[in-house]
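2 protein chains.
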Amino acid sequence: DITKEEFEARFKAMKSCPGHYYVTVVEDLDKGKIVATATLAVELKFIRQCAKRGRLEDVVVNEDYRGRQLGKLIVSTITLLAKVVNCYKIGLDCADKVKLFYNSFGYSGEKGNDSTMIIRF
Amino acid sequence: DITKEEFEARFKAMKSCPGHYYVTVVEDLDKGKIVATATLAVELKFIRQCAKRGRLEDVVVNEDYRGRQLGKLIVSTITLLAKVVNCYKIGLDCADKVKLFYNSFGYSGEKGNDSTMIIRF
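Heads up: the protein sequence lines correspond to chains A and B, in order. Quick note: the first sequence uses full-length UniProt numbering, first residue 1, plus one each step. Quick note: the second sequence uses full-length UniProt numbering, first residue 1, plus one each step.
So that you can see chain A by itself, here it is in the shape it has in the complex (with noise of 0.2 angstroms):
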C-alpha cells in the first residue's frame, strides 16, 4: 500500500508524460466505486518510422464483480484505444492460463518470437 502523496506523486509524473498512460477504470456508479481497471502503456520508438508501441498491463477486476464480463469489457476498451492513438501493435505478457481469454481477442504469440524474459532486482 501507498500514501496519498506518493499516489499523488506517481500520477504527476505519470501525467507529465502525454500519451504515454492511458489507465481506464470502470466504476460502479451506485456506489461510487471502482471495479476494473487496465492501463494502456505507450512506449514512443524512433524505429519503424517513429512507431508507438502499446502494452496492455495491470488488468485487474475486482472479486466481487467476477463473472459480469468486465474484464472483457476493459480489454476490449484499452485494444481499441491501442488503434485510435496509432499504435503500430499492442503486447501484453500473460500467463499460459489466460492466453485463450486473450486469443479471444485477437492477441497471439508469433510463432518462435513469443517469448518474453525478464530479471527480477
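Hints in this document: simulated from the structure, not taken from any laboratory. Some hints could be false.
In this list, chains with the same sequence are indistinguishable; a pair is considered to hold if it fits within one copy or across any two.
Stated by the list, open to error - Below are the DSSO-like pairs computed for lysine-lysine, each with C-alpha atoms no more than 27 angstroms apart in a straight line:
| id | residue 1 | residue 2 |
| --- | --- | --- |
| 1 | K4 | K83 |
| 2 | K12 | K52 |
| 3 | K45 | K83 |
| 4 | K99 | K4 |
| 5 | K72 | K97 |
| 6 | K31 | K83 |
Computed from a predicted structure; not experimentally measured.
Please arrange chain B on chain A, whose structure you already have, making use of the hints.
Relative to the frame of chain A, chain B by itself:
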C-alpha cells in the same frame, strides 16, 4: 526512414518524459559513427508500491561491427542501468534463437508465465 524534423520531434517528445527513455549507444570514436544501440524504456506503475518497470528494447549492432562483443556490452549496460534507476525488474521480448544469449545475462522465462502476445494494426 524519417526526416530530420521527424527525428527531432520524436527526440523532443521522448526527452520531455524524464526517466522514461535511456537510449544508449556505442560510438566508433575514430570514425565518429554510432555502431550499436539499445534502449532502456521505463514504465511507471501504481502497483507494487508505485514501482518502475524496465524494458530492453531495440538492440542493434551495425553488421560491420558484429563479433566484437558490442551486443554483450550494450545489453550489460542497459541491464545494470535498469537496476541503478530502481526498476524492480527488467524484461524483454525475444525470438527463441536469442534466448540463450539473454540467459547469459541472467534473463529467464518464468515457467507458465513467459508468453508475449500481440495484435498488429
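Hint check:
no., hint, verdict
1, K4 x K83, "between (33 angstroms within a copy, 26 angstroms between copies)"
2, K12 x K52, "both (22 angstroms within a copy, 14 angstroms between copies)"
3, K45 x K83, "both (16 angstroms within a copy, 22 angstroms between copies)"
4, K99 x K4, "neither (35 angstroms within a copy, 41 angstroms between copies)"
5, K72 x K97, "within (16 angstroms within a copy, 34 angstroms between copies)"
6, K31 x K83, "neither (32 angstroms within a copy, 41 angstroms between copies)"
In the structure shown, a violation is registered for the earlier hints numbered 4, 6, in ascending order.
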